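Trainee: Residues per chain are reported as follows:
2 protein chains.
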Amino acid sequence: MSDAIQAKELLIRAVECDQLGRILEAQTLYQDGIEKLMSFVSGEKDEAKRKSYYKRINEYVERAEAIKARINGKLMLGQVVRHISIEEDDFGYDYDQLFGTYMNEKTVEILIEEPYVTLNYQYQNLVRFLELAATNCSNLKYFRLVTKEDPKDIEQQKTNFGQIRSDLKNRNITFCVKYEDTLHDRKIYLSNGFIIKIGRGLHFYKASNPMYSIGLVNYKFRRCLQTDVDIWRNDNTSS
Amino acid sequence: MSDAIQAKELLIRAVECDQLGRILEAQTLYQDGIEKLMSFVSGEKDEAKRKSYYKRINEYVERAEAIKARINGKLMLGQVVRHISIEEDDFGYDYDQLFGTYMNEKTVEILIEEPYVTLNYQYQNLVRFLELAATNCSNLKYFRLVTKEDPKDIEQQKTNFGQIRSDLKNRNITFCVKYEDTLHDRKIYLSNGFIIKIGRGLHFYKASNPMYSIGLVNYKFRRCLQTDVDIWRNDNTSS
Chain A
1 MSDAIQAKEL LIRAVECDQL GRILEAQTLY QDGIEKLMSF VSGEKDEAKR
51 KSYYKRINEY VERAEAIKAR INGKLMLGQV VRHISIEEDD FGYDYDQLFG
101 TYMNEKTVEI LIEEPYVTLN YQYQNLVRFL ELAATNCSNL KYFRLVTKED
151 PKDIEQQKTN FGQIRSDLKN RNITFCVKYE DTLHDRKIYL SNGFIIKIGR
201 GLHFYKASNP MYSIGLVNYK FRRCLQTDVD IWRNDNTSS
Chain B
1 MSDAIQAKEL LIRAVECDQL GRILEAQTLY QDGIEKLMSF VSGEKDEAKR
51 KSYYKRINEY VERAEAIKAR INGKLMLGQV VRHISIEEDD FGYDYDQLFG
101 TYMNEKTVEI LIEEPYVTLN YQYQNLVRFL ELAATNCSNL KYFRLVTKED
151 PKDIEQQKTN FGQIRSDLKN RNITFCVKYE DTLHDRKIYL SNGFIIKIGR
201 GLHFYKASNP MYSIGLVNYK FRRCLQTDVD IWRNDNTSS
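One line per chain: the protein sequences are A and B, in this order.
Each residue of the first sequence is one higher than the last, beginning at 1 in the UniProt record's numbering.
Each residue of the second sequence is one higher than the last, beginning at 1 in the UniProt record's numbering.
Any given hint might turn out to be false.
Identical chains blur together in the list; that is why a pair holds if it fits in one copy or across any two.
What the hints assert, rightly or not - DSS-like, lysine-lysine: derived pairs with alpha carbons at most 25 Å apart:
{"no.": "1", "residue 1": "Lys-141", "residue 2": "Lys-197"}
{"no.": "2", "residue 1": "Lys-220", "residue 2": "Lys-169"}
{"no.": "3", "residue 1": "Lys-141", "residue 2": "Lys-220"}
{"no.": "4", "residue 1": "Lys-106", "residue 2": "Lys-152"}
{"no.": "5", "residue 1": "Lys-141", "residue 2": "Lys-45"}
Simulated from the structure, these hints should not be mistaken for lab results.
It should be emphasised that the depicted structure is a prediction, and the values quoted were computed from it without experimental measurement.
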């Protein structure tokens, strides 16, 4: 497929997602579409045509900027609806018990900022979270992970994310990874207006000790590290 | 502690368990107590004393035999209360959904016959089953696993079972392993009168493929191997 056709398809889908309120996905599609269009236009020799393309690109850039502002608005914290302090060595906290109730059929998009996804148990935690999403969010369409690159083995990390991407694609969920090397804070944004902030992100469980003991699989039996969980509702709800 | 005192303690506990209807545990305690008593008596030089001990040992052996007969009675199948045919590549079956409802606060003892517990995923399945028991069976006191010895690494198997034993001990559950090298059939006996028979035992799940995909942790998303699940109720219920 040529760059021009690809760009067109991406931008049509961007507009559709935008209209459906799926703004995270629309943002990704606008960015990818603009990039493709740029690479196509740079090869265009007719100056008049090039100018007209650049005008259109500008329009798309403005739309993408407007969406970015809307996303930032949605990430603004409104009020805390629930607060849980997990003490060191507490147990009784799996993801479902902590915040499963906020993940529902109105959650169409999820954005998770989780700096560290490089070790086996961290990938497992991510999959554990996705399993909860697959169970509770029957209309989920888009999942964006913002994380740091694995400094030791970026290729393995890409392979692992590739596995998750193809698995989610089979469930009609688009999985998108964005690398941000300065990321620190953890945040889970749900498009139904809830934002989950956990000091340690998804990784607040201790290893099962001894290995073969109750808590190996079912994390409600796992000892935890100290961390705070805050569930916020965005003022600007309804996606 | 001398063999005599140990034997006495074991046999007192055996009688207590017997009276409470915890017949699996009583059986183990009688066997261990008789063994200890025998090794003590063999060192006794006074023939009159020895005779009197043997008489007592005989009484305990008879009680143990009577309990064995009662256990066999409880393992007799009464009527099928539920039948599920799992087809190759089906999903939607975790232990809880299949038979969790039969594991309840009346389940004080569990006997599981599972020939193969030697590989990592098989230990995990056993722990997964125990987690369900810890969740649903609030009065569980005794868990007996009947299995084959690991022909490749019996020491590692003993270490792993040791981990499970010490973990369950902290939850006031006695974990007992009995090795039977000719075992084939799989069976789970619950002391509330239900017997769960699964053609493939606990191990009817396919590996998650690719590894990092939905179903890695939550087995309701895992593809299954073909197998039949029959839930029986023993005629001779009430433990």
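Trainee: Going through the earlier hints one by one, which of them does the structure break, listed in rising order?
Mentor: Violated hints: 4, 5; rest satisfied.
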